[in-house]
Each structure stands twice: as C-alpha cells, then as structure tokens.
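S.K.: These two chains come separately, so use the hints to put the complex back together.
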Amino acid sequence: MNKPSENKKSGNGKRWSSRSVGSNWQHQIFYCLIRFGGRRAAYLLLYFVVAYYVLFSGLARKRASYYLRRRFPNSRGISRLWHCYRLILELGKALIDRAVVGILGPESLDIFLGEPEKLLKLRDENRGMIMMTAHVGCWQAAMSALGYLNRPVHLLMRREDGDIDRHYFEHAGLECPYQIIDPTGYLGGTLEIVAALKKGEIVSVMGDRLLGSEKSTTAVDLLGGQVELPFSAYKIASVTGAPIVVLFNFKDGSASYHLQVVKIIRVPELRGRSADTFNPYAAEFSASLDRFCQEHPYQFFNFFDMWLKQQTENKDT
Amino acid sequence: MDIKTKLKQVLIEELNLEDITIEEIGDDEALFGEGLGLDSLDAVELVVVVQKHFGVEIKDMEEGRPALQSINSLAAFIEEKQK
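Just so you know, the protein sequences line up as chains A and B, in that order.
Note that the first sequence covers residues 2 to 318 in our numbering.
Note that the second sequence covers residues 438 to 520 in our numbering.
Bound conformation, chain B alone (with noise of 0.2 Å):
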C-alpha cells in the first residue's frame, strides 16, 4: 500500500470518518474547511497520527501549515522526512 492510501485508510479509521471510502477522497482535495471539512480538532488528531503510524513528527506551524493542505502535500512531507 502507497503512503497516500495508507493516509487516507488511517484518516477515516482515525478520525472517524463515517461514510467516506478511501476512493473518494481526493489527492489534491483540501483537508480542512472546504473539501474534506475537517477541522482545528482534528488537525490535533491528525498530527498524533502521523506520528503513530509513520513515526513522524510535525513539530510546529512552519511545518505543519504547508503539509496539512491535502493528502499529496502530506504524503511528500512523510516521505521527506521518512529519508
């Protein structure tokens, strides 16, 4: 399983996604407000998860901002640092 499918299974196990498959969530689509509508808590949720599943860390804003804007952005910092 690639790193972005195995983010979105973890999203929608994690955060409780009901009634989202892993299909239609969109590489590109915007995690939080419009697009998958996740919000502040679960961003808190999802750094946690990050760290769980991928043994990585965000540390702060500077890093979290940019990787938390959608799946593809999150899955090229995962893999960024899993180097």
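For reference, chain A alone in the conformation it holds in the complex (with noise of 0.2 Å):
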C-alpha cells in the first residue's frame, strides 16, 4: 500500500522503507488462497498473520504507533494493541482486495464514486486535474474507477528496489494502464507533468508524501501535531490553473470501496516558490486528511513518522 514513496528518515534516524515487511513466498500464499479460494480464504489467514506480526513484532507496532498515538493519543497497552490490530488488519484487506482485482477481475470489487458528474466538469475545463489522494484506503483499485472520464491518467510514483508487492494489472498480466512518472527522475518529473496537464490529462499525486525536492516543503498541522507536507503540486496548480481534486477512498463493505470527491482546491495564479506562498493549500488538504482519519481511523497507511518535530514527545509505542 505504501507506494508511491520516498525513503524518509524515521524517528530513530534509521532509513524508513515502504517495501513489504513479507516475503515473496509469503505473498504467493495469499495469491493461491485467492485464486482457489476467493477473498473471504485469504482474509481468513490474514487475520492470524496480522495477528502474530502484532504480537511479536515490535518493529511493526512501532510503524503503526507514529500514526495511533495521534489518533488514539488517550490509548495504552491492550486498547493500543488492539487499535493497532485493527490498522494492520486493514491495510492487510486492502492489499487483498487489491490483488483480487487483478486475479478475479475488476468486477469482484464494487468501487462507488460519488458525484461522479463533478469530475466530469472539472474535466471539461480542459486544464487538466490533479487528483490529489493520500495512502488511504486501496488507493490503486480506487483510481481504476476513473475510466468514464476518458482521459489517459498518468501516476506519479516510485516502486522501490526489490519491492515484492504486486499491482492489480501485474496480477491480470495486463500493461500498467497508467503512465508512470518517476518522482526521482528529470527535474522530480515535474516537465512531464505540466505537459500532461497541458493536453487536459490527469496527473494523481500523493498529497501526504514528499514530491521533489526536499525543500518544497511546508509545516501544516495534522491530528493535533506539525508534519511536513509537499507544496509542489500547488505551485504546479498555480503555473498550469489545473484544479487539485482531493480524492479519498475508504473499505465501506466486504467487497466494495467508496471513493469520494473531498475538496476542489484552486490555486489562482501566485508568483514565487516560498513555502509560506503555498501553505494555506497545504492546510486545506491536510484538514481534509484530517477529517478523514477522524471519520476512519483505520484507513490511513502511513507507517512512519510524519511528526518529526515533535519526535521527543509521546515516545511509548
């Protein structure tokens, strides 16, 4: 789920990585229950797995404290553990279902879009639309229902080296059906996406991870502490006039997802590259994100420290 990404320095200052804590053999499992035994047998060993990783991992509840202890900050020992089962779980099932898509086809999971109609006249602007998501929900399965829109939709992100973790279409044996952007390559991919956005294409972004240049970062709060959120994507709003669509998506049934239409940001025409230029955007979409947690706590898959600043506080996990 934790993909696209960037490496990012974790509280201890070790090197944080979004590739799978499990093994390829492991994932195969998991592909095999599907294939024979549908959704519902792969979520049935998921919950032992989740289980022992949340009882005998410390680094696996040290991932998901960074986020818990901000949401639940009031929790401790066993309701703290429990909190943390219940977001492993989730992001487990997404994985799944995920992976579902691919090998039993699209039709096995129900995507609900909601107001699908405002995204068709946001299209219709012709200035382009940068979906704005955040890890949230099963993001990539979400996207998949973006099809009515017509447009080629091009997704920036990193797979890092080594990483294990299957996309739906590699399930299916299908060519990924968007057009990937590497973050790391030509000027942080930042001339392609102004192309793309040119020609009234789609450009989907990660609003709660680092795009660019380090620099390109702005403070905004999120769940009662500071984090660092990237602006590049409002400066790129502000220089083509694409409008930021915040799109989230959350499990709302065994088999189904609903993908919501948030926030239409618009970012009128702005000269400079200050991070204080661009914050007040930044907060429009971390108040987005904020409200979704609130709304499901167990639907936000950041495992890391986004609260660098405030590392010396709160350090039980």
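Any given hint might turn out to be false.
[Unchecked claim] In silico BS3-like links for lysine-lysine, alpha-carbon gap of 30 Å or less:
#1 Lys199/A to Lys443/B
#2 Lys441/B to Lys520/B
#3 Lys216/A to Lys63/A
#4 Lys496/B to Lys518/B
#5 Lys199/A to Lys489/B
#6 Lys199/A to Lys264/A
#7 Lys518/B to Lys489/B
#8 Lys520/B to Lys199/A
#9 Lys496/B to Lys441/B
#10 Lys518/B to Lys443/B
#11 Lys264/A to Lys200/A
#12 Lys489/B to Lys122/A
#13 Lys496/B to Lys200/A
#14 Lys119/A to Lys200/A
#15 Lys199/A to Lys441/B
#16 Lys496/B to Lys122/A
#17 Lys216/A to Lys496/B
#18 Lys518/B to Lys199/A
#19 Lys489/B to Lys200/A
#20 Lys443/B to Lys200/A
#21 Lys443/B to Lys216/A
#22 Lys200/A to Lys518/B
#23 Lys520/B to Lys443/B
#24 Lys520/B to Lys496/B
#25 Lys200/A to Lys216/A
#26 Lys216/A to Lys520/B
#27 Lys496/B to Lys199/A
#28 Lys496/B to Lys119/A
#29 Lys520/B to Lys200/A
#30 Lys200/A to Lys441/B
#31 Lys441/B to Lys518/B
#32 Lys441/B to Lys216/A
Bear in mind the hints are in silico, worked out from the structure with no lab data behind them.
M.R.: So this is what it looks like as structure tokens:
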C-alpha cells in the first residue's frame, strides 16, 4: 500500500522503507488462496498473520504507533494493541483487495464514486486535473474507477528496488493502465506533469508524502501535531491553472470501496515559490486528511513518523 | 536586447532570483543543480515564463530536457521555434 514513496528518516534516524515486510513466498500463499478460495479465504489467513505480527513484531507496532498515538492519544496497553491490530488488518485487506481485482477481475470489487458529474465538469475545463490522494484505503483499485473520464491518467510514483508487492494489473498480466512519472527522474518529473496537464490529462499525486525536491515542503497541522507536506503540486496548479481534486477512498463493505471527492482546491496564479505562499493550500489538504482520519481511523496507511518535530514527545510505542 | 539577455532578465524577475545580476549568469552555466541552482519547481515556472515572454511552448521532456540545460541552449531553442 505504501507506494509511491520517498525514503525518509524515521524517528530513530534509520532509513524508512515502504517495501513489504513479507517475503515473496508469503505473498504467493495469499495469491494462491485468492485464486482457489477467493477473498474470504485470504482474509481468514490474514487475521492470524496480523495477530502474529502485532504480538511478536516490535517493528510493526512501532511503525503503526506513529499514527496511532496521534489518532488515539489516550489509548495505552491492550487498547493500543487493539488499534494496532485493526489498522494493520485493514492495510492487509486493502492489499488483498488490490490483488483480488487483478486475479479475479475488476467485477469482484464494487467501487462507488460519489458525484461523478463533478469530475466530468472539471475535465471539460480542459486544464487537466491533479488528483491528489493520500495513502488511504485502496487507492490503486479506486483509481481504476476513473476510466469514465476518458482521459489518460499519469501516476507519480516510484517502486523501490526489491519491492515484491504486485499492482492489480500485474496480477492480471495486463499492461500498466497508467503512465508512470518517476519523481526521482529529471527535474522530479515536473516537466512531464506540466506537459500532461497542458493536454487536459489527469495526474495523480500523493499529498501526504514528498514529491520533488526536499526543500519544497511546508509545515501544516495534522492530528494535533505539525507535519511537513509537499507543496510542489500546488505550485504546478498555480502555474497551469489545473484544479486539484482531493480524492479519498475507504473500504465500506467486505467487497466495496467508496471513492469521495473531498475537496476541490483552486490555486490562483501566485508569484514566487516560498513555502508560505502555498501553505494555505497544503493546510486545506491536511484539514481534509484530518477529517478523513477522524471518520475512518483504520484507513490511513502511513507507517513512518510524519511528526518528526514532535519526536521527543510521546515516546511510547 | 538579444534573447540571451532578455532570458536572463526574465529569469531574475520571474523566478525572484535575488542578489543575482544579468552579468553574473553565464551563457553556458547549468540552469539546474550546480550552476544557477534552479530546481524542479523553478522548471515549472520556467516553462510558463518562456511561453509568456517568447511565445514558445516547451511541450514535453524530449524538447525540455536539452533546451533547459543553459541560457545558450534555451536561447537556441527559442530562436529555432520562433523561425
């Protein structure tokens, strides 16, 4: 789930990686279960696997704790452990659902998009669209619901070396339906993004992790603490006139996801490139993400310390 | 004013390059990274600035990458497109 990603330093100073904790053969067991037993069979195994990780992997608990201690500041002990179990379980389900779409076909998952006409109107402005999402729900499956817009979709993402997680289209042996823009490529892929938007196409970015150069971040509030969020997308929106569509999704049934246009951010033409200039727009996004986390506490999957400035507080895991 | 000088002036004004004068920007100096020190966000601005001031569109990476190396390469690209 944790892709695309930038390597970041976690609270203890070690490099954080978004690569899966499971090995290839462990993934294969889940894929076999999906193939021969369906989603429920894979879920059944997942309950035990997650329980094992939560009970015996300090690393899993630690990674989950960065978010959980912000979302559930008063929980301790067994209560915290339960939240950890729920969070990692939902991540596991999202990963299984992604594989299910690829292995059993897109009809095996219902994706409901609220107010689809809103996106059609934005598309018809012909300024392109920046779909800004976050590491919530099953974003890759959700993106597959945007085909009705009939526009090429570009994903700003990078797969880490050695990552064994498969995308849903890889399970199905299909060509990638998206055009991938590598954020570590020439000039952070910004020229490709601008070119796509100029053609009225869709560019999907993650608003909750870094894109482009590291200095392009601005501090905003999230769940009672300050986090650094990237502001490059707001700058690009300002330059191109493309609207930013904040799009979140969450699991709302055993085989269904709800895709929601949470907010449309319009960034006027602004001179300069200081963090302060774009901070209000990043704050709009973080406020939306904050509300999402309040409403869907187990659907946010960022397992690193976003709250680096507060790392001396609440050291409990 | 020739294209190179105008480019430098536009860069300084539009990208808010404080404390840099036209004379201090070398024609062959790299625009990004080492050299003038522009970054990916400046590139976004630059694409728009070139279109706004010179009426030339940098359509994609194939065009942009060689053009955005230096003042010399960008000026040559603009001249070529304006023909």
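S.K.: Confirm or reject each hint.
M.R.: Checked hints:
no.: 1; hint: Lys199/A to Lys443/B; in the structure: 25 Å, holds
no.: 2; hint: Lys441/B to Lys520/B; in the structure: 16 Å, holds
no.: 3; hint: Lys216/A to Lys63/A; in the structure: 27 Å, holds
no.: 4; hint: Lys496/B to Lys518/B; in the structure: 12 Å, holds
no.: 5; hint: Lys199/A to Lys489/B; in the structure: 14 Å, holds
no.: 6; hint: Lys199/A to Lys264/A; in the structure: 22 Å, holds
no.: 7; hint: Lys518/B to Lys489/B; in the structure: 14 Å, holds
no.: 8; hint: Lys520/B to Lys199/A; in the structure: 23 Å, holds
no.: 9; hint: Lys496/B to Lys441/B; in the structure: 21 Å, holds
no.: 10; hint: Lys518/B to Lys443/B; in the structure: 16 Å, holds
no.: 11; hint: Lys264/A to Lys200/A; in the structure: 23 Å, holds
no.: 12; hint: Lys489/B to Lys122/A; in the structure: 27 Å, holds
no.: 13; hint: Lys496/B to Lys200/A; in the structure: 9 Å, holds
no.: 14; hint: Lys119/A to Lys200/A; in the structure: 20 Å, holds
no.: 15; hint: Lys199/A to Lys441/B; in the structure: 26 Å, holds
no.: 16; hint: Lys496/B to Lys122/A; in the structure: 25 Å, holds
no.: 17; hint: Lys216/A to Lys496/B; in the structure: 26 Å, holds
no.: 18; hint: Lys518/B to Lys199/A; in the structure: 18 Å, holds
no.: 19; hint: Lys489/B to Lys200/A; in the structure: 17 Å, holds
no.: 20; hint: Lys443/B to Lys200/A; in the structure: 28 Å, holds
no.: 21; hint: Lys443/B to Lys216/A; in the structure: 29 Å, holds
no.: 22; hint: Lys200/A to Lys518/B; in the structure: 20 Å, holds
no.: 23; hint: Lys520/B to Lys443/B; in the structure: 18 Å, holds
no.: 24; hint: Lys520/B to Lys496/B; in the structure: 17 Å, holds
no.: 25; hint: Lys200/A to Lys216/A; in the structure: 28 Å, holds
no.: 26; hint: Lys216/A to Lys520/B; in the structure: 39 Å, violated
no.: 27; hint: Lys496/B to Lys199/A; in the structure: 8 Å, holds
no.: 28; hint: Lys496/B to Lys119/A; in the structure: 28 Å, holds
no.: 29; hint: Lys520/B to Lys200/A; in the structure: 24 Å, holds
no.: 30; hint: Lys200/A to Lys441/B; in the structure: 29 Å, holds
no.: 31; hint: Lys441/B to Lys518/B; in the structure: 15 Å, holds
no.: 32; hint: Lys441/B to Lys216/A; in the structure: 29 Å, holds
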